[in-house]
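Let chain A serve as the given structure and place chain B on it in line with the hints.
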Amino acid sequence: MNHASTMRNTRITPDDIKSHGLSDAEYAKILEVLGGREPNLVELGIFSVMWSEHCSYKSSKKWLKTLPTTAPWVICGPGENAGVIDIGEGLAAIFKMESHNHPSFIEPYQGAATGVGGILRDVFTMGARPIANMNALRFGDPKHPKTRHLVAGVVAGIGGYGNCVGVPTVGGEVNFHASYNGNILVNAMTVGLAAKDKIFYSAAAGAGNPVVYVGSKTGRDGIHGATMASAEFDANSEDKRPTVQVGDPFTEKLLIEACMELMATDAIQSIQDMGAAGLTSSSFEMASKGGMGVELNMEAVPCREEGMTPYEMMLSESQERMLIILKPGKEGIARKIFEKWELDFAVIGHLTDTGRMVLKLRGAIVCDLPIDPLAQASPEYDRPWVATAKQPILAASQVKNLPWREALRILMGCPDIASRRWVWEQYDHMVMADTAQRPGGDAAVVRIHRSNRALAMTTDCTPRYVKADPFEGGKQAVAETWRNLTAVGARPLAITDNLNFGNPQKPEIMGQIVEAIKGIGAACIALDYPVISGNVSLYNETDGIPIMPTPAIGGVGILDKLDQMTTIAFKAEGEAVLLLGQKDDAGWLGQSLYLREVCGEEKGAPPPVDLAHERKVGDFVRGLIHDRKITACHDLSDGGLLVALAEMALGGNIGAALENVAGHAVLFGEDQGRYLVTVKAIDASAVQSEAQKIGVPVRRIGITGGLDLTLGGESASLHDMRQLHEGWFPAYMANAT
Amino acid sequence: MKAAVIVFPGSNCDRDIALALEQSTGTPTTMVWHQDTDFPELDLIVVPGGFSYGDYLRCGAMAAHSPVMREVKRRVEKGTRVLAVCNGFQIVTEAGLLPGVLMRNRGLKYVCKDVHVRVEDSQSAFTAKYNIGDVLRIPIGHAEGNYFADHETLQMLEAEGRVAFRYCALDGEVTDDANPNGSQRNIAGIFNKSRTVLGMMPHPERLADAKLGGNDGRALFDALVETLA
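As given, the protein sequences belong to chains A and B, one line each in that order.
To convert, note that position 648 of the first sequence is 651 in the numbering used here; the numbers rise steadily by one, no gaps.
To convert, note that position 148 of the second sequence is 483 in the numbering used here; the numbers rise steadily by one, no gaps.
By construction, these hints were calculated from the structure, which means they are not laboratory data.
Careful: at least some of the hints might be erroneous.
What the hints assert, rightly or not - Pairs of lysine-lysine, DSBU-like flavour, derived with a Cα cap of 35 Å: (1) A:Lys-149 x B:Lys-448; (2) B:Lys-408 x A:Lys-343; (3) B:Lys-546 x A:Lys-632; (4) A:Lys-632 x B:Lys-448; (5) B:Lys-546 x A:Lys-619; (6) A:Lys-149 x B:Lys-444; (7) B:Lys-408 x A:Lys-339; (8) A:Lys-564 x B:Lys-408; (9) A:Lys-343 x B:Lys-444; (10) B:Lys-444 x A:Lys-574.
Claimed, not checked - Chain B regions said to be covered by chain A (calculated; three or more residues, Cβ under 8 Å): (11) 347-361; (12) 391-404; (13) 437-447.
Where a beta carbon is used, it is the ideal one built from N, C-alpha and C, also for glycine.
Extracted from the complex, chain A is given alone in its bound form (with noise of 0.2 Å):
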């Protein structure tokens, strides 16, 4: 084929190179591929998307491979839209948690709706209808004058999306902290059901199977999202705000319905969103994975506005699209319910055996690159890096001991324990009538549909533990979605992970990247827990500030008897609150909440994550919930024993009086691996003597009662308590503290 005479050359100048975020190897790789010939604009546009760190992992591949991924259970895992379980009766839960920083910082609405508006499409694109979306945000210093307005927006977003398209938002996290000032957090995951016989995947295959174009128009927004999401922010970052997409939920909840539809039918052959990079990274990777070629008609894609070229429709990210590949004869069917539903469908093209994409516009070809060459020859990096230097183990005695009550006022009251309120009431997050326990507690649990089933969900990452010690911090992050989910009565399936890190060129921070999955890889192994989706977010800095490691781990588990869940409030007065877990009464300050908050200090070793000990409490515990021993339940962490049992107190407004436990480091250390349980009184003994005899610490230290928290003579009222607890996020927004 002559190039030149079908292609309008326009030369690649270094600045084209550099502005499509390409370094001069990756340039010369390109040109490796094509033979010697140059790209042209719109094959340089997708060769920087298909490159680009976002797309294709080239920092974290090398690691990500080393993550245990399998298990009976595993359906499907990481490589597709989202991954898949198997969670019995014919049925497979299918969920992701996917990454949206860069845009949400840059305009908090939009970026955080388009952030839940593309991951729900990651799970229905898989067939499954999606049943909750979570989240894990993370914020700069609350008193950093950006942070107000960001939270805002964010929690906005998040809400204006998702309550629109009617899956309820059940849970997540939210913190606060210096180092997301210029670069903050914003993860969304959604979990979906799905026919275990009828999941839809990408691969393309059937030479001659039409390409259809499904969902809104393609605007001119978004162009680049996948680049500017693979580079580090500057002070001018906020003139991106053009390269940030607009998000419709009321389309998205048209198109999931519609897809749902079709879905139903035999009409498809595969399927997937068109997320980052929109048409390029769709087309191009269903070509790809099934080995085939695709040939598209520039003309035929619905455009929003006229005039415009193949460049921005192949890299625009405008929102609620879908690509899907058809079994022959079905167009009609297809087309039907599209048009039920009022939104667009174009045949844009057909599947080859040529093992090339061929764009062509009004008959001219304006692109023609060889896909199998391009994806093999998609960069990996073995990036240098260093590990991060230990920390000394910080003792008690080397700690500021505050009387605990004080103590205790100060983490209600703080930013990071508060209540979240003010946050999850903006989401609907009761729409489908299945929400059974809802944001709040440890984790949350949503029934499976017309059945006395459900799946429980939880969202976590401790980041201070990961920066201080990326391994035992990844441990951690993974051990307690476990833990949470075990604290309701679920048993925990799988993970999916959200990688949020700084700039992977340089070594300390690639350190952090690969010391943290190897600490998330051997809890998965030691819990049996395996990863099956996931997103890697690098880059998250601001003239050169990276974010503290943020590794968020999606866990979710299953109830087999809905009516086994547990909650973390007090049930009753006169109950025994009995600690499980506990090994010894050194009690762990090092980068505790008790030493932030209280102290003013981040220092010291984070709490270890003994995994054999986490995997024996935990079976242990998500026992006694299925005999229905416990009464109430919740695992400790952030704030340690203490800030646990106030909350379970405030949980049932009933107070407790304490023994047994005395001194900051025991009673506000985050050593990992415990529980808090209430048991009637009269099984409390035949509890502690089943515990001992499996070598599970057990210690009775208080009964419930009263409107209050008493402990050597001191006592703190729930009241006071409550006020702290939930006074912290409204009076922050209302910007009166």
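For chain B alone, coordinates are given in the frame of chain A:
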């Protein structure tokens, strides 16, 4: 009882309320697409919650002018009962089936939480299984639920006993603190003159099953079945 739920593009509580009805009737609920106007004779039509047509105009304003709503109005004239919840309440006020309007919440934000409402009337097909003064715990989920009507209309509603539910405290006292959205006179739901149409912002279908933490909404559906069977 023959019941149907209207489905607009953007409705998202249609399935939830259909299931709540099914729980009380024991039979599947008919779903009616917004472009259908020739649906069968019915005892009850439900206009469900959601974001009809995206609510990109004033909430409910576009749905109020859809073909199916013209038919719903005709059925109301014939005495068919209509239960309109949340976005449904907004739609039937826009359609003129009930007086007043639902404005932006006083707090300017979407609010999803349980509220308490006091039953103000038990003489309708909807509320027959409640007693006047009963306090129900029912969730809300809306950004525009702030009921407004002019003084004369409010006086008329009160005089004719057409306020169905009022937001209240746990003990039944109607207080401003218990008002989640700024509604005038804490109004959470109202009837038309003949008490055949009920519009309400709280979602009875969301707590109609004890497994979800409460079932105060259940008696509303049970009452409809008993009255209209």
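Hints the structure violates: just list their numbers, smallest first. Hints 8, 12 contradicted; others consistent.
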